[in-house]
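Here the protein sequences come in this chain order: A and B.
Residue numbers for the first sequence follow this note's numbering, so the first one is 11 and each next one is one higher.
Residue numbers for the second sequence follow this note's numbering, so the first one is 11 and each next one is one higher.
A portion of the hints provided could be inaccurate.
If several chains are the same, the list does not tell them apart, and a pair holds so long as it fits within one copy or across any two.
Pairs of lysine to any residue residues, derived as SDA-like cross-links and limited to a Cα-Cα distance of at most 20 Å, are as follows [unchecked claim]: (1) Lys179 - Gly203; (2) Lys44 - Gly71; (3) Lys179 - Leu33; (4) Lys58 - Leu33; (5) Lys50 - Asp82; (6) Lys225 - Gln88; (7) Lys202 - Ala216.
To be clear, the hints were calculated from the coordinates, so they are not data collected in a lab.
Please read all numbers here as calculations on a predicted model, not as lab measurements.
Residue-level listing of the chains:
Protein chains: 2
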Amino acid sequence: MYKALFTRSTNITFNRNIDMGLLESSKWRYATKKFDPSKKVSQENVDKIIEAVNLAPTSSGLQPFQLLVITDQKLKEQIVPIAAGQQQVADGSHLLVFAAWDNYTAERIENAYKLITEVRGQAPDTYKSYTDRLKAAYLNRPAEENFAHTARQAYIAFAYAIAMAAELKVDTTPMEGFSNEELDKLLNLQAKGLKSVLLLPLGYHAEDDWLLHLKKARRPLSDLVINL
Amino acid sequence: MYKALFTRSTNITFNRNIDMGLLESSKWRYATKKFDPSKKVSQENVDKIIEAVNLAPTSSGLQPFQLLVITDQKLKEQIVPIAAGQQQVADGSHLLVFAAWDNYTAERIENAYKLITEVRGQAPDTYKSYTDRLKAAYLNRPAEENFAHTARQAYIAFAYAIAMAAELKVDTTPMEGFSNEELDKLLNLQAKGLKSVLLLPLGYHAEDDWLLHLKKARRPLSDLVINL
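Looking at chain A on its own, in the form it has when it is part of the complex (with noise of 0.2 Å):
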């Protein structure tokens, strides 16, 4: 891996001997082109990622979300076809899925709240008058437009999960580029309440990855910033 490390950066030193941070481990982390199958990311570390997940700061704290996580071999290789013949899907030890309530109900809102002011040891109606708001909001836009929101949140989720597999030295990769409908229809997320939103693969680059040796590139700050 050691190799892999010192090639994945653009100009960071690293010093194996400590730990990195986000910054160090956003530089040694790309998107996997190539898994190794024979290569599987252990269960301690899979449930470091899950917890990243579930730490991710969401909307009011709703967490619109579900995170579906595939090991059986066969239903990942289902999936390749539905995500563009992308190879990492199936070769990934763990494929990540994160899917978005497909619109906010009256039960999720009160759920969620529910579950706070317990955590919390307060009175169920602490946050009534807040969540009376969010009710307000939400429930009289049209779905599409929840979901929207919602898979926004999902977004951040997903961000949490490739940076805590960074800092693991896990290899991912993040997708988009899948076909929705497919994905839903073959997982039955509709029955859930949910739509698949991102794909993440799990695992370990194999070393003939055509992107593993490749600088990563990044705008220049003066590109990126505008100060005020």
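With chain A held as given, fit chain B onto it using these hints.
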């Protein structure tokens, strides 16, 4: 700060002598409701948060957004009413505005891949078939559809900024709730081909922030995760 550090978590034992990884810093962070306006985030820390934004992964590596870093107090105060009166916008020492491209254009796609080939020392046409596919996919879609996509990429960068700030023990308030149209107008974003998506005030919490000492609530993993 350590008092807050120890109370701002659900179930982890912190060791103040070791650096915190993403899980520990995510348990530490919370959506700050009140900043202490006398405390400023150092330029060194702001620079690291900006670097994390720049390192965030994005679809096809296009980084389809700009980051506005606002320190002008008058301007921050003008944004408070646009952000539903949320005083954190003015009381944080820095206000980050994530503004996504209002559309994809051939020039934007070409510029991104010009940079990539330059950084990697590759021939300018190395990714031509790939950028042709991107153009075919994006340039015939309505601007709103492309903006929905660029805005989602901004959420990934937003997540990286939140995570980086937490690693540095900088407080943040992730915000979606503001009038995008009014902010776009105030910041003249349309002329730059941008639309505002997210706000992130940076600073240090006030000791009497009502949320500071309340427990973070997250769904049980059995509710979040579906194993297949």
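Okay, the hints, checked on the actual structure:
1. Lys179 - Gly203: This pair counts as neither: shortest intra-copy Cα distance 34 Å, inter-copy 37 Å.
2. Lys44 - Gly71: Between. Shortest inter-copy distance 18 Å satisfies the 20 Å Cα cut-off; intra-copy 36 Å does not.
3. Lys179 - Leu33: both (13 Å within a copy, 15 Å between copies)
4. Lys58 - Leu33: both (19 Å within a copy, 8 Å between copies)
5. Lys50 - Asp82: within (13 Å within a copy, 50 Å between copies)
6. Lys225 - Gln88: neither (33 Å within a copy, 42 Å between copies)
7. Lys202 - Ala216: This pair counts as neither: shortest intra-copy Cα distance 36 Å, inter-copy 42 Å.
Figure legend: structure checked against the earlier numbered hints; hints not met, in rising order: 1, 6 and 7.
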